[in-house]
Every structure is written in structure tokens, then in C-alpha cells.
Amino acid sequence: EPEVTQTPSHQVTQMGQEVILRCVPISNHLYFYWYRQILGQKVEFLVSFYNNEISEKSEIFDDQFSVERPDGSNFTLKIRSTKLEDSAMYFCASSRDSDTQYFGPGTRLTVL
Amino acid sequence: EDKVVQSPLSLVVHEGDTVTLNCSYEVTNFRSLLWYKQEKKAPTFLFMLTSSGIEKKSGRLSSILDKKELSSILNITATQTGDSAIYLCGLHGSSNTGKLIFGQGTTLQVKP
Numbered sequence: 603e604p605e606v607t608q609t610p611s612h613q614v615t616q617m618g619q620e621v622i623l624r625c626v627p628i629s630n631h632l633y634f635y636w637y638r639q640i641l642g643q644k645v646e647f648l649v650s651f652y653n654n655e656i657s658e659k660s661e662i663f664d665d666q667f668s669v670e671r672p673d674g675s676n677f678t679l680k681i682r683s684t685k686l687e688d689s690a691m692y693f694c695a696s697s698r699d700s701d702t703q704y705f706g707p708g709t710r711l712t713v714l
Numbered sequence: 000e001d002k003v004v005q006s007p008l009s010l011v012v013h014e015g016d017t018v019t020l021n022c023s024y025e026v027t028n029f030r031s032l033l034w035y036k037q038e039k040k041a042p043t044f045l046f047m048l049t050s051s052g053i054e055k056k057s058g059r060l061s062s063i064l065d066k067k068e069l070s071s072i073l074n075i076t077a078t079q080t081g082d083s084a085i086y087l088c089g090l091h092g093s094s095n096t097g098k099l100i101f102g103q104g105t106t107l108q109v110k111p
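Top to bottom, those sequences are chains Y and X.
Residue 700 in our numbering is what sits at position 98 of the first sequence, and the numbering runs on without skipping anything.
Residue 28 in our numbering is what sits at position 29 of the second sequence, and the numbering runs on without skipping anything.
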């Protein structure tokens, strides 16, 4: 059964460094998302992406964040200058028709 | 603003018990409601509900939507220790980009 994959599973970085989180969505899906979950809190929407552009972003998704689909299979989330409060689990999700979303296993980001 | 509230926040039962998890929502424009099971990491999809009163069933799990009451329930019969997880309710509401708004989750622990 096809699934969403994410790499790395755990990323440790120093405050102020740039990180890139990678996702490979399910191959025939057209809608892509990033969510994050700070430890013990709700899963929060960050951004949705369709037709090679951002379709919606949350207040959390400020100028430090960007997304890209560089090659038709990968979907990346970049954080330009990480802050301590960016420490969280980041989930990528994809869907065929903006309804049922399938989530990847997540990347745990730790900012020191 | 769309909102999702789940109850109870946590629940401890013994194997064989039946549990009912609740999800209430506030939304301007309802599209669908989704249930996910989150074990160690990624939320895994359980059900998507769009129509009131139609039960979705998968093995010992079932779910139903009540649009009049703005709520949904997830039932698990004959619980097993493997059902121990966080159950998330996600609302696909006013946004047409597929964005999901999640509740806090219900943590279910099933004791042997």
C-alpha cells in the first residue's frame, strides 16, 4: 500500500541554523500539507500546497518558512533560521482530492 | 473560526470494554470530519464522515456524524490493548484547501 515517507526521522540543529525537512507524498496525490505537533499539544496546520503553489498558510507559517516541490516527487519544508520554539514533530500529508489526507511518520525537530 | 473539541481527554478501560469518544465542532461551512488513530508517530486514517446518520464501520470501530448536534462519535467495541492510542478528530471546514483543524485528542489506554 502506498504511503507518505519523510526524512530524516529526527533532526537536531542549533538555534539560527537552516533545516530542510523532506517528504515524498503518495504518487498520484495532488494536494500536499505540512502540520506540526509541539509535544503534548494539538496537531496544527502550517501550509497547504496545490498546483505548485501555496493555497493556504497559517499564522505560524511566517517568512522563516518556505515549501517547495523541487522535482515532482519530493515536497520540502525549509525553516530558514530555527528558533527554540520550532522544536516539534513535523508531519507531511497528502491527498488526492483535498479530502482524505494520509500522514507521513513525521520528523522530530529539536532546536538547541 | 472553525473549532474542534474532543471529550474525554483521556480514558482508561479494560480489555473487552466498549468505549465512545466524542468530537464536537463549530464551523461556518462543513465539508467533512475525519478520525485518526495516533500511536507512536503518524496519525493513521480511520474514517471520513460527510453525511449525517450514516455509520461507517471497520471491524470493531464505527463512527457516525450528527450535523444537527455538530458532533461525531467514535465507538470501539471489545477493546484490545492494541487500541491504546490517541484518537484525533479533524475537521475539514470553511477552507477549501483541505486544511484540517484538529481537536486535542482523546488518549485511550486499554489495560489487560
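There's no promise every hint is true.
[Said to hold, decoys possible] Covered stretches of chain X (chain Y as the covering partner; in silico rule of three or more C-beta atoms under 8 angstroms from a C-beta of chain Y):
1) 7 to 14
2) 96 to 108
[Said to hold, decoys possible] Calculated lysine-lysine pairs in the BS3-like style (CA-CA distance at most 30 angstroms, straight line):
3) K36/X / K680/Y
4) K659/Y / K680/Y
5) K39/X / K56/X
6) K685/Y / K40/X
7) K110/X / K56/X
8) K56/X / K659/Y
9) K680/Y / K40/X
10) K2/X / K659/Y
11) K110/X / K685/Y
12) K110/X / K40/X
Just so you know, the hints here were simulated from the structure itself, not pulled from any lab data.
Glycine included, each C-beta is placed from N, C-alpha and C at the ideal position.
Structure-based check of each hint:
{"no.": "1", "hint": "7 to 14", "in the structure": "violated (count 0)"}
{"no.": "2", "hint": "96 to 108", "in the structure": "holds (count 9)"}
{"no.": "3", "hint": "K36/X / K680/Y", "in the structure": "holds (27 angstroms)"}
{"no.": "4", "hint": "K659/Y / K680/Y", "in the structure": "holds (14 angstroms)"}
{"no.": "5", "hint": "K39/X / K56/X", "in the structure": "holds (24 angstroms)"}
{"no.": "6", "hint": "K685/Y / K40/X", "in the structure": "holds (23 angstroms)"}
{"no.": "7", "hint": "K110/X / K56/X", "in the structure": "holds (24 angstroms)"}
{"no.": "8", "hint": "K56/X / K659/Y", "in the structure": "violated (33 angstroms)"}
{"no.": "9", "hint": "K680/Y / K40/X", "in the structure": "holds (21 angstroms)"}
{"no.": "10", "hint": "K2/X / K659/Y", "in the structure": "holds (17 angstroms)"}
{"no.": "11", "hint": "K110/X / K685/Y", "in the structure": "violated (39 angstroms)"}
{"no.": "12", "hint": "K110/X / K40/X", "in the structure": "holds (21 angstroms)"}
This entry does not satisfy hints 1, 8, 11, going by the numbered hints stated previously.
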